[in-house]
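Residues per chain are reported as follows:
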Amino acid sequence: MTHGNPLFYNINDGGLEAQVHGYRAGLLTQHDYNNLTECDNLDDMKMHLSSTDYSNFLQNEPSPLNSGVITEKATEKLVREFNELRFHAVEPLSTFLDFITYEYMIGNVLKLITAVRNGRGALELMYKCHPLGMFETIGALTAAQSIDDMYEIVLADSPIGKFFTRTDKRDFDDHSTEEIRGMLYKNYLETFYDFVQNLGGVTAEIMGEILEFEADRAVLTITRQSFGGKTTKDRRKMLYPNFGELADIHDQLSDAEDDTYLANELKPYPLYSEMLRQVSKQVSLESLLKKRAVELNKNAFHQSFGYGLFYAFVKLREQEISNLMWIAECIKQDQKHRVQEYINIYE
Amino acid sequence: MTDKMKLGSDALVAVMGDEDTVTGFLLAGIGDMNKTRQPNFLIVDNKVDSSQIEETFKKFVARKDIAIILINQHVADQIRGLLNNYDQIVPAILEIPSKEIPYDPSKDYILSRVKQFLG
Amino acid sequence: MSSNARLQVLPSRMSQMQMKLRLVGAKKGHSLMKKKSDALTMRFRAILKDIKTNKEGMSDSFRKANFSLSDAKYNAGDISYAVIESAKQAAKKVRMRTDNVAGVTLPVFQQTVDETASAEGFTNISRGGEQIRACKDQFDELLSSLVQLASLQTSFVTLDRAIKITNRRVNALERVVVPKIENTISYITSELDELEREDFFRLKKIRNKKMKDNLEKEKELKQKQEELAAKGVAKVSKGENSLLGSYGSNVDEDEDVIV
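Protein chains in written order, with my numbering: chain A, 1 to 347; chain B, 1 to 119; chain C, 1 to 259.
What the hints contain is simulated information worked out from the structure, not anything from laboratory work. There's no promise every hint is true.
Here's a subset of chain C near chain B, in silico, CB distances under 7 Å, partners left out [as the list claims (entries may be wrong)]:
1. 18
2. 21
3. 52
4. 55
5. 69
6. 84
7. 140
8. 143
9. 150
10. 154
11. 207
Pair ranges (Cβ atoms, derived) [stated by the list, open to error]:
12. B:47 x A:44: 28 to 34 Å
13. A:209 x C:145: 46 to 52 Å
14. A:233 x B:80: 53 to 59 Å
15. B:61 x A:232: 42 to 48 Å
16. A:233 x C:145: 35 to 41 Å
Even for Gly, the Cβ is constructed at its ideal location relative to N, Cα and C.
Excised from the complex, chain A in its bound form (with noise of 0.2 Å):
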């Protein structure tokens, strides 16, 4: 086993984590976001964007500017820095960027079954779909004419098609959309979590820990979406990823209804314990859980010959075109009052 040696590290993979070194220097610094939130119209950003990494990506758009352009052309450069990093990796390195893009191809294959199943034409759906999470075959999925045929044509083949197996496809009908895209999830975060711990070494350490988190945030998301919905304690249970700090009470989270039965089983676990004890009518879970991923992706740059700050980087460059998207909503929409909600990367 070569990988995390330092020796062997530096030789294959040392100068990519030199290059992801520089990206993450380029994300935006406290003092741009301190510029930006104080901006009165979208062109202001324009211009303060202009003096940093993203430089001059929106000359070509015309005014009056939306949030929509400036998310649209972040996420360009984004998929631009990656797939060059992609284009120069080698094993297991490139099989590791492969698994980041499998979450995007998992939500861009959902927008396309969505569209089937409610007999649309997915042509017009392709637009929309996130340019991370493009594979060659994708465009066959638009002529299917029912999931099986999605599945049976394409997606068996396709580099997602190992996390359908892991369901019962047959029972496709039986589940909503949401369902299927949990229980994709689940196989996807397991198969990741599975791979990282073979690469072991500093990747496992990082990686593990950031991917055990994620099966968490997912757990405990499904657990109180679905309080008094539809979802079977069953169903619910199919959709909690099996690793985990809290795969020892699964049992448990899945019979739970409300908030007060959840953090009597979370006593144990004083990180979400505490959390759900932040909860209140301005603060969500949701945005507890999600500034916890933000800090264990930032944590993920402090350690050197791993794979945690590839993974690291792209979480954190897409909660930066978020918090774009958001200054940019609250400054247009005239509600500066809520524009420092924003997660943010560097205090």
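Once you have looked at the hints, place chains B and C on chain A.
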């Protein structure tokens, strides 16, 4: 009015507007696809021109199962002539603000008639 | 319509009676119509104010709702496609009721909720669910107020029309129907007066002629009496009878001359 719609029967609220406006009202639960797969909403983005808006508007007005049509003001602007001559009572046409473009009460076809009376 | 326009009637006591009844009816109708118009106008003004405040307050509600959608998108990603694609059957509809103001039927919308359809609508169990629910609530609220506004708007248009029609009728009664009946009545009255005067004149003339005739007859009578005084009294009563008969035919001739 009575020949337009049977009293006591349930009718739809239609919406014509940008993606966010349509998303919001569909989230509230007004979205519908009838038996011939005709939706009761139109997403107006930069690929939709005024003749398509006009056509959809006329179609909605003619449908007996639509009682109210919500329309973004900037979309209404594109069929202003049609609206100014609109004299049916049902469906009722409501001009509504959009996220991107501020709402101008002086353009609203009902509000401008209202203002005539209030002086 | 000229000011002395009148209805085509035969001037008689009978039609005069009829016209007087019609005048009372028209005046009563006018005051009722006027009251109806006042009632409608009052309601109309109230609705105008409601529409104005509602429409002006609308921008704020929309801003709140739109921003909650931004919030949902910030947390859940772009949900538009999923929401739009999952539209199948409307959960929120409106039902038409009617409201009655002074005999005018106003269509009013009432919101209805189809529970089964709303259960099948867009559901989210992954990230951003909290914000999506908050956004749905905002748009729910917005929809209810828009349905109310739609009712006000239909009332506005209906009342506007009804008031115009009522006012047209009030004006018609005031400016056309009532003056016409009044003109007709004065026409009948003047015709009847004229007839009366003619009758009087004719009677006077007859009386004069009768007096003249009587004088002649007396003269003749005197002459005959003088002759009879010589021949005897037996034939006198017979001659008087024939004179009375010719008096009747004289009246007929007179009348022809006058008319």
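Do the hints match the structure? See the list:
no.: 1; hint: 18; in the structure: 38 Å, violated
no.: 2; hint: 21; in the structure: 36 Å, violated
no.: 3; hint: 52; in the structure: 6 Å, holds
no.: 4; hint: 55; in the structure: 5 Å, holds
no.: 5; hint: 69; in the structure: 5 Å, holds
no.: 6; hint: 84; in the structure: 6 Å, holds
no.: 7; hint: 140; in the structure: 5 Å, holds
no.: 8; hint: 143; in the structure: 5 Å, holds
no.: 9; hint: 150; in the structure: 4 Å, holds
no.: 10; hint: 154; in the structure: 5 Å, holds
no.: 11; hint: 207; in the structure: 72 Å, violated
no.: 12; hint: B:47 x A:44: 28 to 34 Å; in the structure: 29 Å, holds
no.: 13; hint: A:209 x C:145: 46 to 52 Å; in the structure: 48 Å, holds
no.: 14; hint: A:233 x B:80: 53 to 59 Å; in the structure: 56 Å, holds
no.: 15; hint: B:61 x A:232: 42 to 48 Å; in the structure: 45 Å, holds
no.: 16; hint: A:233 x C:145: 35 to 41 Å; in the structure: 39 Å, holds
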